[in-house]
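Fit chain H to the given chain V structure using the hints.
For the record, the sequence lines run as chains V and H. If you use the numbering used here, the first sequence corresponds to residues 1 to 455, in order. If you use the numbering used here, the second sequence corresponds to residues 456 to 550, in order.
Hint data in this document are derived by calculation from the structure and do not stem from the laboratory. Values in this document were obtained by computation on a predicted structure and should not be read as measured data. Any given hint might turn out to be false.
Quick list of in silico lysine-lysine cross-link-like pairs, BS3-like style, CA-CA up to 27 Å [claimed, not checked]:
1. V:K399 <-> V:K319
2. H:K545 <-> V:K267
3. V:K357 <-> V:K319
4. V:K124 <-> V:K399
5. H:K535 <-> V:K318
6. V:K51 <-> V:K267
7. V:K399 <-> V:K357
8. V:K319 <-> H:K545
9. H:K535 <-> H:K545
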Amino acid sequence: MPLPFSPQEIVETIRMVQMENLDIRTITMGISLRDCAHPDLDVAGTRAYDKICRLAGRLVAVGDEIEREYGIPVVNKRISVTPVSIVAECTSAERYVRFAEHLDRAAAEVGVNFLGGFSALVHKGATPGDRALIASIPEALATTERVCASVNVGTTRAGINMDAVAEMGRIVHETAHRTADRDGIGAAKLVVFCNAVDDNPFMAGAFHGIGEPDCVINVGVSGPGAVMSAVRQAPDADFGELASVIKRTAFKITRMGELVGRAASRKLGVPFGIVDLSLAPTPAHGDSVAHILEAMGLERVGTHGSTAALALLNDAVKKGGAMASGYVGGLSGAFIPVSEDIGMIEAAAMGAITFDKLEAMTAVCSVGLDMIAVPGDTTPETIAAIIADEAAIGMINRKTTAVRLVPAPGKSVGDFVEFGGLLGRAPVLPLSSYSSADFVRRGGRIPAPLQALNN
Amino acid sequence: MPHERSNRVIVTVIGADRVGIIAGVSAVLAEANANIVDISQTTLREFFTMILLADLGEATVPFDELKRRLIAKGDEMGVKIDAQHEDVFKYMHRV
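Chain V extracted, bound-state conformation (with noise of 0.2 Å):
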């Protein structure tokens, strides 16, 4: 029986993985909690403990069979679950931080890093469990080492809260201010998103949706470094073959995904949900979305072309992965956070990015303004006025956009924060000197735009 693959095939397959950080990002397992709600809070944090223990108790090792199966690594298993503020709501109580430490304690059971859904939908409003949940944000972040949190504050569909962006902005301050012996860390555990998906798999971003089932496994892909290799083989392509190239790198490395998440689905006895084509970077060399832009022909990321080059890299990650997946969702694109890209912490550092630059480019890249140190006297209102920018460049583009800043206590720009490990290290960027203050103060609601009435 002759070999099913040619020897290009295979060794293409072997580079990827060796050479080019080819790997899962993560599987994350997404978990309901809406049947542990209890008038008591820590009843139904008790049984929000118990139904991740059960449910997620085999899937760290079910990740690490999978690697060693598939000979792909596996880098996070992950869990979301239903946002908090609707299992809690049922209590009494004012403020949800027991409910994060019993999440927490459930992480560390199961052995994952990151567990996601301390979280409030409020982008039309919010309820009292909204409202207590998002006072409960810097305590239950400074308190616990593995939740994450997220507030959606806009969508296309019912335009932007500007109550909740003011409100953010000042616990988007606190948190980080909480965290201050740790540069502010807990803000790198808090995303405020407009149009927030569902499915999302990757942090700090990810909840469970209240369309979601039970239980339910979506999966991750990155591979920046095979994206780059192949760029970086064509250096005299047109755009347009440039963008074969790009497309045909994202398809082999979503059929990872594809693979892998079946697999997790099959062993662990969950339904598979989507598969998430998103390149995203990490601080290791060779893992750098900065660095495929730069591979196009950008001296540095952060310069004239850059938007156009991360468009066309968006684009054709989109294009590739979309035939490669019989479900793709989550936020499938090319993130462009500061401090977890190599790449990104060089441009920075030397100032060929800007703070304007990189919200310029969030328009056309997955997600927004992604783990970006800013001076730690920043205001809450400036961080609101940031906050509604990126809101607005969401709802008027229908796609997902997110801000997740950390204002580094005493820290002022020039400085560097460091948070180790996939988080990384950024630089302090500059903001505007300007005050928003008073545009913040407005209060009320930005109206849906024209693009919501598509009915």
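Then chain H, alone, in the frame of chain V:
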């Protein structure tokens, strides 16, 4: 889309050609009772490349242990050996 669960792995050996590479690799596989289905040799760029398809249906050791042994054998012979499940290639290169 491939659904059947095969238990076949693809072993690749990359490095400078020398006497005894095939013998060394097949000895490790034989010891694990893994059946060699096919074998091919080629030169990719300047490297000697051997590709071997093995069936682990009757194997006496689990895949990860076999892979560990193959990698150790490769280190001993000064070549790079890797082993991956056939499904990985099937998914990546066949639709």
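Hint check:
1. In summary, the hint linking K399 of chain V to K319 of chain V is supported, as the alpha carbons are separated by about 16 Å, within the 27 Å threshold.
2. Restraint check for K545 of chain H and K267 of chain V: the C-alpha separation of about 20 Å stays at or below 27 Å, so the hint holds.
3. For the suggested pair K357 of chain V and K319 of chain V, the alpha carbons sit about 25 Å apart, so the restraint of at most 27 Å is met.
4. For the proposed pair K124 of chain V and K399 of chain V, the alpha carbon gap of about 17 Å is at most 27 Å, so the pair holds.
5. Between K535 of chain H and K318 of chain V, the direct Cα distance comes to roughly 34 Å. Violation of the 27 Å bound is thereby established for this hinted pair.
6. This hinted pair checks out: K51 of chain V and K267 of chain V have alpha carbons roughly 18 Å apart, not beyond 27 Å.
7. With a C-alpha separation of about 18 Å, the suggested pair K399 of chain V and K357 of chain V falls inside the 27 Å cut-off, and the hint holds.
8. Between the alpha carbons of K319 of chain V and K545 of chain H the distance comes to roughly 20 Å, so the proposed pair stays at or under 27 Å and holds.
9. The suggested pairing of K535 of chain H with K545 of chain H holds, with an alpha-carbon distance near 22 Å, which does not exceed 27 Å.
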